[in-house]
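J.: Residue numbers (the working numbering), protein chains in the order written: chain Z, 1 to 226; chain P, 1001 to 1252; chain S, 2001 to 2063.
Honestly, the hints are just simulated from the structure, not real lab data. Every value quoted in this text rests on a predicted model; they were computed, and no experiment measured them. Heads up, a few of these hints could be off.
Claimed, not checked - Straight line, CA to CA, 35 Å or less: simulated DSBU-like cross-link-like pairs of lysine-lysine:
no., chain 1, residue 1, chain 2, residue 2
1, S, K2002, P, K1086
2, P, K1088, S, K2052
3, P, K1018, S, K2048
4, P, K1018, S, K2051
5, Z, K161, P, K1086
6, P, K1050, S, K2002
7, P, K1018, S, K2002
8, P, K1086, P, K1018
9, P, K1176, Z, K132
10, P, K1050, P, K1176
11, P, K1117, S, K2051
12, Z, K161, Z, K48
13, Z, K13, Z, K23
14, Z, K132, Z, K48
15, S, K2048, P, K1117
16, S, K2048, P, K1086
17, Z, K13, Z, K132
18, P, K1050, P, K1117
19, P, K1176, P, K1117
20, S, K2051, P, K1088
21, S, K2051, P, K1086
22, Z, K132, Z, K23
23, P, K1240, P, K1088
24, P, K1088, S, K2048
25, P, K1018, P, K1088
26, Z, K161, Z, K23
27, P, K1086, P, K1176
28, Z, K48, P, K1176
Unchecked claim - Away from chain P, derived, C-beta distances all over 10 Å, residues of chain Z:
no., residue
29, R14
30, D80
31, I179
As the list claims (entries may be wrong) - Selected chain P positions facing chain S (in silico; Cβ < 8 Å):
no., residue
32, I1060
33, K1117
34, R1226
35, L1230
The beta-carbon is built from N, C-alpha and C at its ideal position, and this holds for glycine as well.
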Amino acid sequence: MAESSSLFWATFKRDLTLAFRHKGDMVNPLVFFLIAITMIPLALGPEKAVLMRIAPGIIWVMALLATLLSLDHLFRSDFDDGSLEQLLISPYPLSLTIIAKVAVHWLATGLPLTLLAPVLGVMLSLPLIAFKALVWSLLLGTAVMSLIGSVGAALTVGLRKGGVLISLIVMPLYIPVLIFGASAVQTAAQGGVYTMQLAVLGAGLAIALVFAPLAAAGALRVSVNG
Amino acid sequence: MNWQWFHRLGSPRWFYEKTDAWVPWLMVLAWGLLLVGGIWGLGFAPEDAKQHNSYRILYIHAPVAFISMSCYYIMAISGAIGLIWKMKLPYMVMKAAAPIGLGLTIVVLATGSIWGKPTWGTWWEWDARLTSYLILSFLYLGIIALQQAFQNRDTADKASAILALVGTVNIPIIYKSVDWWYTLHQPATLKLVGKSTINPAMLYPLFVMIIGFYVFFTLVLILHTRTEILRRESRTQWVKDLVSGKKEGVQP
Amino acid sequence: MKFQFDSLDAFIHMSGHGIYVWTCYFIVYSILIFLTVSPLLQKKMFIKQQKKWQQLQQNNQQP
Chain Z
1 MAESSSLFWA TFKRDLTLAF RHKGDMVNPL VFFLIAITMI PLALGPEKAV LMRIAPGIIW
61 VMALLATLLS LDHLFRSDFD DGSLEQLLIS PYPLSLTIIA KVAVHWLATG LPLTLLAPVL
121 GVMLSLPLIA FKALVWSLLL GTAVMSLIGS VGAALTVGLR KGGVLISLIV MPLYIPVLIF
181 GASAVQTAAQ GGVYTMQLAV LGAGLAIALV FAPLAAAGAL RVSVNG
Chain P
1001 MNWQWFHRLG SPRWFYEKTD AWVPWLMVLA WGLLLVGGIW GLGFAPEDAK QHNSYRILYI
1061 HAPVAFISMS CYYIMAISGA IGLIWKMKLP YMVMKAAAPI GLGLTIVVLA TGSIWGKPTW
1121 GTWWEWDARL TSYLILSFLY LGIIALQQAF QNRDTADKAS AILALVGTVN IPIIYKSVDW
1181 WYTLHQPATL KLVGKSTINP AMLYPLFVMI IGFYVFFTLV LILHTRTEIL RRESRTQWVK
1241 DLVSGKKEGV QP
Chain S
2001 MKFQFDSLDA FIHMSGHGIY VWTCYFIVYS ILIFLTVSPL LQKKMFIKQQ KKWQQLQQNN
2061 QQP
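Isolated chain Z (complex conformation) (with noise of 0.2 Å):
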């Protein structure tokens, strides 16, 4: 158990340092994030209180749409240098070390969306109320997100394009997650308690936390075998 446990934490520092490392892949969704909410108020129109009807829900699919950017290099780098065949051949739970690998994905990816979103929430005229319902469903939705991504990029990390193919398989899957995150906001926004929202989100977290990883590593497997 100790083994397995200081496994989890050699995965976890090893791909933490890559990350740093590729500061580009960190960088970039957040990038995304900024420029797509910026062409909400160019299209529609600077009107304050357009943007106040619809932001929570335009944060919500913008954060959504980043993680799925971010998502392809999820494995890919360690399927390129071969690392990953290590990773499946070694005698400890793969879905561990996958655990690990979406821990750091998380933490480079979701956090600093969930930690920037307040600032795009500024720029689309979000009630203040609203603001601590959306870096809470945040944080938990893109934890989720970042789960049920990794069973997407386990099943493309062998295909040379797996980019779009990743979306349209893992957004189907996102819609549950969108529906009671973007929900947590704009209840807030009116002045409503969300709590239930983000119980689902919780239970969500739960369930993926148990069940994607078990997915991910069948997919893993068939990946690299195939």
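Position chains P and S against the provided structure of chain Z, taking the given hints into account.
T.: Below, chains P and S without anything else, positioned relative to chain Z:
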């Protein structure tokens, strides 16, 4: 326990030869039911008090909705069987089911949308059912896209089986979420068929159609699987014999 | 069980919703026919193709 019958089920050749006899019967039964049910629903079922005669679309919309959903589960279960028992035939069934399911789901959306026009006044309404079926079509598209992306057929089979299973777990979650989302945003609930007039005379043709559609689905799934079997097993002797006509009694 | 419409005209008209009902039935039955016929056609094409290929093989084996 003799598991021989189970493993025989895994043999594509056995399936192909067994279904030779079934196909004509299924053809007659399915189309018979569909034609009888269709005419019954169109001409002999009583008029609805609220929707008058546009409700007759129900007789094709609802059964197709049932089978397009069932098709996904059949597809996922076949994939699971293939993954667990490493059999060839279930993967062929899964591959055959995907485009059938997608086509049927699109039909659900089209008929639902067309029915919506006289009922709600608009060509599209983001109600729970239509939205759920739209997402179902995305799930099908994802599986088909994933299957096409791999060059190695084995990998394609296994990967899409995993995706199908992940999708299966998500379908109830998606459905519940969309349902909740819809009630959140709709001030008044719109119903597709007025509850005030469920005349039993309306239900009989519906049952005929539902059964007819399920038989039809079985027929079509078998037909598509048979073609897939021939394609995949083209290098085997029995298929070569079949093609050249050497095998007696079995018509290509 | 009686026929619900007074005339063929009424049947086609479907109390003003004729175009919707008939379009739907047309779409559905067309798809049903397509789903039934296409695998059979594909099978025919496959067999034709394989027969040709077999004949080519036989011709190549005869010097």
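J.: All hints, please: hold or fail.
T.: Status of each hint after checking the structure:
Of the supplied pair hints, the one linking S:K2002 and P:K1086 is violated, its CA atoms being roughly 54 Å apart against a limit of 35 Å. Under the criterion of a C-alpha separation no larger than 35 Å, the hint pairing P:K1088 with S:K2052 is consistent with the structure, at around 27 Å. Note on P:K1018 and S:K2048: the hinted pairing holds, with a Cα-Cα distance of about 23 Å set against a maximum of 35 Å. Restraint check: the Cα-Cα separation between P:K1018 and S:K2051 comes to about 23 Å, which is no more than 35 Å; the hinted pair holds.
With a C-alpha separation of about 28 Å, the suggested pairing of Z:K161 with P:K1086 holds against the 35 Å cut-off. Proposed proximity of P:K1050 and S:K2002 is supported: the alpha carbons are some 21 Å apart, at most 35 Å. Between P:K1018 and S:K2002 the alpha-carbon distance is near 42 Å, which puts this suggested pair outside the 35 Å criterion. For the hint linking P:K1086 to P:K1018, the alpha-carbon distance of about 21 Å falls within 35 Å, and the restraint holds.
Annotation: proposed proximity of P:K1176 to Z:K132 holds, straight-line Cα distance about 26 Å (limit 35 Å). Straight-line distance between C-alpha atoms of P:K1050 and P:K1176 comes to about 28 Å, which keeps the hinted pair within the 35 Å bound. For the hint linking P:K1117 to S:K2051, the alpha-carbon distance of about 51 Å lies beyond 35 Å, and the restraint is violated. Among the hinted pairs, Z:K161 with Z:K48 is inconsistent with the structure: their alpha-carbon atoms are about 40 Å apart, more than 35 Å.
Between Z:K13 and Z:K23 the CA atoms are separated by roughly 16 Å; this keeps the pair inside 35 Å, and the hint holds. For a cut-off of 35 Å, the pair hint linking Z:K132 to Z:K48 stands: about 20 Å separates their Cα positions. A threshold of 35 Å between alpha carbons decides the hint, and for S:K2048 with P:K1117 the separation of about 46 Å lies outside it, so the pair is violated. Among the hinted pairs, S:K2048 with P:K1086 is consistent with the structure: their alpha-carbon atoms are about 31 Å apart, no more than 35 Å.
A C-alpha spacing of about 30 Å is found between Z:K13 and Z:K132, which places the hinted pair at or below 35 Å, so the restraint holds. About 14 Å separates the Cα atoms of P:K1050 and P:K1117, which keeps this hinted pair within 35 Å; it holds. Between P:K1176 and P:K1117 the alpha-carbon distance is near 26 Å, which keeps this suggested pair within the 35 Å criterion. At roughly 25 Å between alpha-carbon atoms, S:K2051 and P:K1088 fall within 35 Å of each other, so this suggested pair holds.
Among the hinted pairs, S:K2051 with P:K1086 is consistent with the structure: their alpha-carbon atoms are about 31 Å apart, no more than 35 Å. Pair hint Z:K132 plus Z:K23 holds up; C-alpha atoms about 28 Å apart against a cutoff of 35 Å. Proposed proximity of P:K1240 and P:K1088 is supported: the alpha carbons are some 19 Å apart, at most 35 Å. Only pairs whose Cα atoms come within 35 Å are accepted, and P:K1088 paired with S:K2048 is accepted, the gap being roughly 25 Å.
Restraint check: the Cα-Cα separation between P:K1018 and P:K1088 comes to about 16 Å, which is no more than 35 Å; the hinted pair holds. Restraint check: the Cα-Cα separation between Z:K161 and Z:K23 comes to about 22 Å, which is no more than 35 Å; the hinted pair holds. Annotation: proposed proximity of P:K1086 to P:K1176 holds, straight-line Cα distance about 33 Å (limit 35 Å). About 33 Å separates the Cα atoms of Z:K48 and P:K1176, which keeps this hinted pair within 35 Å; it holds.
At the 10 Å boundary, the C-beta of Z:R14 stays outside the reach of chain P, the nearest C-beta of that chain being 26 Å off. The claim that Z:D80 lies off the interface holds: its Cβ sits roughly 18 Å from the closest Cβ of chain P, which is beyond the 10 Å cut-off. Listed as a non-interface residue, Z:I179 fails to keep its Cβ farther than 10 Å from every Cβ of chain P; the least gap is roughly 5 Å. With a cut of 8 Å, the hint placing P:I1060 at the interface with chain S holds, because the nearest CB-to-CB distance is about 4 Å.
A least Cβ separation of about 6 Å between P:K1117 and chain S falls short of the 8 Å threshold, and the interface hint therefore holds. Interface hint status for P:R1226: upheld, as the beta-carbon distance to the closest one in chain S is roughly 7 Å, under 8 Å. Restraint check, P:L1230 versus chain S: the minimum CB separation of about 6 Å is within 8 Å; hint holds.
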